[in-house]
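There are 2 protein chains.
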Amino acid sequence: MDFSSKLLEQAVAEMSQLPGIGKRTALRLVLHLLKQPATQTQQLAEALLDLKANIKLCKNCHNISDTEICEICANPNRTRELVCVVEDIRDVMAIENTGQYRGLYHVLGGKISPMDGIGPSQLTIKSLIDKVKEGEVKEIIFALSSTLEGDTTNFYIFRQLEGIEIKTSTIARGISVGDELEYADEVTLGRSITNRIPFESSLKS
Amino acid sequence: MDFSSKLLEQAVAEMSQLPGIGKRTALRLVLHLLKQPATQTQQLAEALLDLKANIKLCKNCHNISDTEICEICANPNRTRELVCVVEDIRDVMAIENTGQYRGLYHVLGGKISPMDGIGPSQLTIKSLIDKVKEGEVKEIIFALSSTLEGDTTNFYIFRQLEGIEIKTSTIARGISVGDELEYADEVTLGRSITNRIPFESSLKS
Chain A
1 MDFSSKLLEQ AVAEMSQLPG IGKRTALRLV LHLLKQPATQ TQQLAEALLD
51 LKANIKLCKN CHNISDTEIC EICANPNRTR ELVCVVEDIR DVMAIENTGQ
101 YRGLYHVLGG KISPMDGIGP SQLTIKSLID KVKEGEVKEI IFALSSTLEG
151 DTTNFYIFRQ LEGIEIKTST IARGISVGDE LEYADEVTLG RSITNRIPFE
201 SSLKS
Chain B
1 MDFSSKLLEQ AVAEMSQLPG IGKRTALRLV LHLLKQPATQ TQQLAEALLD
51 LKANIKLCKN CHNISDTEIC EICANPNRTR ELVCVVEDIR DVMAIENTGQ
101 YRGLYHVLGG KISPMDGIGP SQLTIKSLID KVKEGEVKEI IFALSSTLEG
151 DTTNFYIFRQ LEGIEIKTST IARGISVGDE LEYADEVTLG RSITNRIPFE
201 SSLKS
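Protein chains in written order, with the UniProt record's numbering: chain A, 1 to 205; chain B, 1 to 205.
It should be emphasised that the hints constitute simulated quantities derived from the structure, not laboratory data. Some hints here could point you the wrong way.
[As the list claims (entries may be wrong)] Computed list of lysine-lysine pairs in PhoX-like fashion (alpha-carbon distance at most 20 Å, straight line):
#1 K6/B x K59/A
#2 K6/B x K35/B
#3 K56/B x K35/A
#4 K56/B x K6/A
Turn these sequences into a full structure, and let the hints guide you.
Written out as structure tokens, the structure reads:
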């Protein structure tokens, strides 16, 4: 694209570094900011810089936090015996929204993915194993998305836990509540039959 | 959404003020920045602040420019007799990309749209009329998109020019080059028949 302004070109170039934002979208966003009062641009820039400079990762679960220990880990009403292994803060938010989980989390920061150059050492796996070895944790719940990378990561952690006495579980896969069986994919439907649960249990939730 | 961090919440709130960026997309963009080196966030913030603080509008055509008079208006090889009326810099860029236009532009900064509270006084219409009155311009080419707002704006300017001797024209509407007739909408196809041109002229371009 041939911009009439180096300033505009630079802003568009930086904006289009964001994932999923092409040059055209970046131009639209930047032109929108130009039409708005200067305070909006300032507040956006400050919020991003402030976040990047001051964000912390919880020392216990590695979730994004404003404090050394995040609110969830600091909550005395949550059981320390359950640890749910997730990829990032979005998974934590999704599970928290259900209101069904009273344990803690362990945020890996990604999944093992040789294609993207992400190995076990870039994730917080060692910290998880160390935490388990301390003995307070009774059950690890794997809640990574069920992709090749997710399954690989689960299995890697599972192997690391060998020899340590701890219960491991994975969240149930099955047909979404409200979905029609005929449109479900075969793998999901197969798993939901294999992992069927006593009818009485389904009445509780 | 329930964020575990005020800093994160603030950054997502600011990012989601941008048009077409919802809370989920904003979170994805902000988490991406968090994973990147701090320089990327700094460069983005600086580019936006620098643009907003230092951008100029060309005194002649009101296009975005780093200088008082933009490159196009300052170019002695371009004819001052033709002025193409467009909405914003994206239209200028699109027309410049064709390499077919050697006149100047006049950037309105929007279209008349009572629904959005945009009246003629918020656009650079008066400046266009004043420019025409100076006498150097021989033809005004309307190139706004042919929507209700575009047509209203064209007509408003056309009425303002009444009594001034000047040629006005509008860019041709018709079937896109390479498109099949059967898929064209009726209005466009109708216009392209009504505004047919001598066959010899079509051989030139």
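Notebook entry, point to check: Are the Cα atoms of K56/B and K6/A separated by 20 Å or less?
Noted result: holds, 11 Å
Notebook entry, point to check: Taking only the CA atoms, is the gap from K56/B to K35/A under or equal to 20 Å?
Noted result: Answer holds: K56/B to K35/A is near 13 Å, not above 20 Å.
Note to self: Holds or violated: K6/B and K59/A, Cα atoms, limit 20 Å.
What the structure shows: holds, 18 Å
Next item on the list: Sort out whether K35/B lies within 20 Å of K6/B, counting only the CA atoms.
Entry: holds, 18 Å
In the structure shown, no violation is registered for any of the earlier numbered hints.
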